[in-house]
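Please construct the entire structure, taking both the sequences and the accompanying hints into account.
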Amino acid sequence: MLSNEEIQDIDHEAAKLPYKQAAVIEALKIVQQRRGWINDESVRDIAECLEMSPAEVDSVATFYNLIFRKPVGRHVILLCDSISCYVMGYKNIYEALQQKLKIKFGETTADHRFTLLPNACLGCCDHAPALMINGNLYKDISIEALDSILSEYN
Amino acid sequence: MERPLTQNIHAGRQPLSLKEYTTTGGYTALQQVLKNMTPKEVQQLVQESRLKGRGGAGFNTGMKWSFVPMGEDAPSPKYLVANADEMEPGTFKDRLLLEGNPHQLIEGMIIAAYAIQANISYVFLRWAYKKAAQVIERSIQEAYHAGWLGNNIMNSGFSIDMYLHTGAGRYMCGEETALLNALEGKRATPRAKPPFPQVSGLFGKPTIVNNVETLCCIPHIINKGAAWFQNLSYSEDGGTKIYGVSGKVNNPGAWELPMGVTMRELIEEHAGGMKKGYRLKGVLPGGASTDFLTEQHLDIKMDFKSVAAAGSRLGTGTMVVMDDATCPVGFVHNLQHFFAQESCGWCTPCREGLPWVEKILLSIENGEGKEDDMELLQMHTQLLGPGNTFCALAPGAMEPLQSAIKYYREDFDRHIREKKCPY
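In the order they appear, the protein sequences are chains A and B.
Numbered by the working numbering, the letters in the first sequence go through residues 0 to 153 in order.
Numbered by the working numbering, the letters in the second sequence go through residues 340 to 762 in order.
Mixed in with the good hints there might be a few duds.
Derived SDA-like pairs (lysine to any residue); straight-line CA-CA distance at most 25 Å [what the hints assert, rightly or not]:
1. B:Lys469 with A:Leu116
2. B:Lys614 with A:Tyr137
3. A:Lys138 with B:Tyr483
4. A:Lys15 with B:Glu523
5. B:Lys758 with B:Glu710
6. B:Lys470 with A:Glu5
7. B:Lys470 with A:Ser150
8. B:Lys698 with A:Pro53
9. B:Lys470 with A:Pro53
10. A:Lys15 with B:His349
11. B:Lys698 with A:Gly88
12. A:Lys19 with B:Ser539
13. B:Lys525 with A:Gly88
14. A:Lys138 with B:Ser539
15. A:Lys90 with B:Leu619
16. A:Lys15 with B:Lys614
17. B:Lys469 with A:Glu50
18. A:Lys19 with B:Asn490
The hints are simulated quantities; they were obtained by calculation from the structure and are not laboratory data.
A quick note: this is a predicted structure, and the numbers were derived from the prediction, not measured.
Right under this line is the structure:
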């Protein structure tokens, strides 16, 4: 079931649009913000709230890469794998992260602390390589800096 | 040298507040428009200024506006959308404007909305621009409180609402019609044209989608005129341009410069030249979906026409430099991996062709390439080229591939011959 707070937030977003179904991406983000990811029950609840079919909601949820349809860890690391970061050596950062966290792209650590995902260009090309954790951007990343960055997230 | 768009943006400083923006001449253009200009006059002035779309397509902005139905019989409401979904790999110019001077964008949007008589506007902002989201949301509220947004602004009879919409990922959202689908809460797949969005866009109503940098030029054109705007430029396209350089250069960054500076000036002067020990091997002049240019092209002007004449596109004007220690095959594989992943799957050539291209490139890079792979790649540059797909994603993806085969063929052949990556 959606909480009253979630329904309120969804209604607030829907009010900016001519019909409420147009707010489905916002609704998915609102629920994910609180629950970490979108499970099947949330898909059905959002569908009911916006008077859509669950299949319609799921077709949108599965399209956008930052809507998570699988559980993620407490903190999500998005490592930029696009061209400027490629040139500036994101692969070395990826290797170091794999060693430190013992996970590959798409995986979550056993203690559910981190999920590691590749992400398309973060728009930080003049400070490549870059990564983002829970929406916080880190620029000019070096392997040496990783421990201190990761230690901010428990 | 004048830098109208970025003159008040300084690294490490907070974004301009409404008060600061107003004291530096902000919102005078809007007042001038509301008091003294008809929507058609605004359209004409912008058309005369030769402002061309800064998102990459380079279409005359005033002319784009002129296709919107006007008058009492026009459909209502009409919409104005700022495309702030900056996701072209290698591109980071709109971020500077969004984070540095938000009211410049908002004023540009209100004037653009007035010019087409749109009463509802959206900023479509990519998910990853968290700081920009905060800045824009706060600035929209400031503008409402000051009476620049809302009903009957400045007693002009013109009403305009503005909302921030943040995305949930996917490069496709930057494509004009896919962006409209995303705003409607749908999968971001492109729409058939015609009808063009100017006639039937968001929620089926007339809609203009303009890039952030394009909209930021508008207040300055109103304040100082079309001739002044044209004279900012070294070329026939009006204005300044925010250029960027990334890769192994000494001083990567973004700078507002006259439209039409040379690639050499950008790389050698502003970006400080190549890092010690590296040589320039190639350049994507305007983001991931533009053809490679090489050292022989360094003296061409970075404007729409000159870059096109050299066989590439100005695109977003933010270039990625490839150095001589970076493998061109690996470089192009990285690009094609991106495009294959970001294909929305709507049309078959793109959905099926790009993953195939990516696979071939990976096998070549891993030393498993075959003799006829080069023919296959060549074939794809034709089959996924302009006219065969629903939108510009796949043709854009083919631009760096076809030019890499042209300029770096020997590198591809060596991978296949030596059965390994020589880099």
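Now for the hints, and whether the structure bears them out:
1. B:Lys469 with A:Leu116: 18 Å, holds
2. B:Lys614 with A:Tyr137: 22 Å, holds
3. A:Lys138 with B:Tyr483: 34 Å, violated
4. A:Lys15 with B:Glu523: With Cα atoms ~11 Å apart, Lys15 (chain A) and Glu523 (chain B) stay inside 25 Å; holds.
5. B:Lys758 with B:Glu710: 11 Å, holds
6. B:Lys470 with A:Glu5: Cα-Cα ~23 Å, so holds.
7. B:Lys470 with A:Ser150: 22 Å, holds
8. B:Lys698 with A:Pro53: Given that 25 Å is the threshold and the Cα spacing comes to 34 Å, the pair is violated.
9. B:Lys470 with A:Pro53: Status violated; Cα separation ~33 Å.
10. A:Lys15 with B:His349: 34 Å, violated
11. B:Lys698 with A:Gly88: 22 Å, holds
12. A:Lys19 with B:Ser539: Distance ~20 Å between Lys19 (chain A) and Ser539 (chain B) Cα, so the pair holds.
13. B:Lys525 with A:Gly88: 36 Å, violated
14. A:Lys138 with B:Ser539: It is violated: about 41 Å lies between the C-alpha atoms, which goes past 25 Å.
15. A:Lys90 with B:Leu619: 21 Å, holds
16. A:Lys15 with B:Lys614: Between Lys15 (chain A) and Lys614 (chain B) the Cα gap is close to 49 Å, so the pair fails against 25 Å, i.e. violated.
17. B:Lys469 with A:Glu50: Status violated; Cα separation ~30 Å.
18. A:Lys19 with B:Asn490: The hint holds at about 23 Å.
In terms of the numbered hints stated before, the structure departs from hints 3, 8, 9, 10, 13, 14, 16, 17, listed from lowest to highest.
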